[in-house]
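**Q** Residue numbers (the numbering used here), protein chains in the order written: chain A, 99 to 285; chain B, 99 to 285.
Just to be clear, a hint being listed does not mean it is correct.
Identical copies look the same in the list; a pair holds intra-copy or inter-copy alike.
[To be verified] Taking lysine-lysine and the DSS-like style, the derived pairs with C-alpha atoms no more than 27 Å apart in a straight line are:
hint : residue 1 : residue 2
1    : Lys282    : Lys183
2    : Lys163    : Lys183
3    : Lys163    : Lys191
4    : Lys160    : Lys282
5    : Lys226    : Lys163
6    : Lys226    : Lys160
7    : Lys226    : Lys196
8    : Lys191    : Lys276
9    : Lys206    : Lys191
Honestly, the hints are just simulated from the structure, not real lab data.
All figures in this text were calculated on a predicted structure; none of them were measured in a lab.
Number of protein chains: 2
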Amino acid sequence: MNRYIEIDPEDYHVLHPRPAYLIVTKGRDGRLNVMAASWVMPVSEEPPRYIVSIYREQYTYKIVKETMEFTINIVGEEHAEIVWKAGTLSGWKTDKWKLLGLEPLESKHIGAPGVKGAYGVVECRVEKLIPVGECDLAICEPLRTIVRSDLYQRYGWDLRRAKILMHQRGRVFVLPGKLIIIPKGKR
Amino acid sequence: MNRYIEIDPEDYHVLHPRPAYLIVTKGRDGRLNVMAASWVMPVSEEPPRYIVSIYREQYTYKIVKETMEFTINIVGEEHAEIVWKAGTLSGWKTDKWKLLGLEPLESKHIGAPGVKGAYGVVECRVEKLIPVGECDLAICEPLRTIVRSDLYQRYGWDLRRAKILMHQRGRVFVLPGKLIIIPKGKR
Numbered sequence: 099m100n101r102y103i104e105i106d107p108e109d110y111h112v113l114h115p116r117p118a119y120l121i122v123t124k125g126r127d128g129r130l131n132v133m134a135a136s137w138v139m140p141v142s143e144e145p146p147r148y149i150v151s152i153y154r155e156q157y158t159y160k161i162v163k164e165t166m167e168f169t170i171n172i173v174g175e176e177h178a179e180i181v182w183k184a185g186t187l188s189g190w191k192t193d194k195w196k197l198l199g200l201e202p203l204e205s206k207h208i209g210a211p212g213v214k215g216a217y218g219v220v221e222c223r224v225e226k227l228i229p230v231g232e233c234d235l236a237i238c239e240p241l242r243t244i245v246r247s248d249l250y251q252r253y254g255w256d257l258r259r260a261k262i263l264m265h266q267r268g269r270v271f272v273l274p275g276k277l278i279i280i281p282k283g284k285r
Numbered sequence: 099m100n101r102y103i104e105i106d107p108e109d110y111h112v113l114h115p116r117p118a119y120l121i122v123t124k125g126r127d128g129r130l131n132v133m134a135a136s137w138v139m140p141v142s143e144e145p146p147r148y149i150v151s152i153y154r155e156q157y158t159y160k161i162v163k164e165t166m167e168f169t170i171n172i173v174g175e176e177h178a179e180i181v182w183k184a185g186t187l188s189g190w191k192t193d194k195w196k197l198l199g200l201e202p203l204e205s206k207h208i209g210a211p212g213v214k215g216a217y218g219v220v221e222c223r224v225e226k227l228i229p230v231g232e233c234d235l236a237i238c239e240p241l242r243t244i245v246r247s248d249l250y251q252r253y254g255w256d257l258r259r260a261k262i263l264m265h266q267r268g269r270v271f272v273l274p275g276k277l278i279i280i281p282k283g284k285r
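Taking the hints into account, I'd like the entire structure generated from these sequences.
**A** Below, the structure written as structure tokens:
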């Protein structure tokens, strides 16, 4: 018999862990900035659309409003510290790109680059910003997606090799573990 | 030197794995229905808001439009087959709730129940439906959240015990694996 307890409905961690990403913007002055985000997901398949939820006080928000573009960088175990720092330092006060020693991976369709070494990079053009609570939903079109050829199979990451970084809470991240494959015929 | 390849920007699997949920609705006729969803996430903290992306052709969409409520059920390893079936059968043709032998966990604020045995249940009231591509974003307020007392710690699932189910692609699911904890002072 399972016992349930009620928790604060403001505790969104109930919907974690979820993948942690680096979002890269390039200001009109050419300055690169990076933020960490895990409130990112696909929302439509045809046409393809992704959403990134961005806190309106964030430096990234200011840049996105001006340029309406960014890259979503899919990262892994080896990027955990970068993600932690990108998520706890502020772009208003710090040149995070420089501090973290990141190198750009040039984009084809937008000004904002990817992060060299990321597992994958999605070049996004923001179609619309929709305010929800304290954040804006950036509804965006994925213009181009690149992935590391050693880590991606047809239709998805090879999770035996791609240690996709997921955020749990605070300083706690988690990597993919056991795979469950539903046998054919089970339907 | 990492080699990158370009993939179809329509391949949203680049943003997977992500948690897989059961969304439960109750029609005006009292009929319960369940769908699987992994395009679900928090989008604002204050006030708390979650989003579920729902394909407009789905049976669940019809019911949500009428009732503007549902539960999000957080599930684990032991629910993998239920999630697979809930995601591949259609509520238009099948009484999935009965077929899957689900039992309701009564809600406090809405008519739609949770699924008995789920790791956690969030009672949601839909505030707004926003069309994006072929889906509608159901922006919702979490009214009440319950979790299994043996699986939840302060601010999050105990991933050593809660085998949170995540969807990768098709028949492939994955569970949380290695934890990475950023040491204090790293900032």
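**Q** Let me make sure I understand: some of the numbered hints might not hold for this structure. Which ones are they, in numerical order?
**A** Those not satisfied are hints 4, 7, 8, 9.
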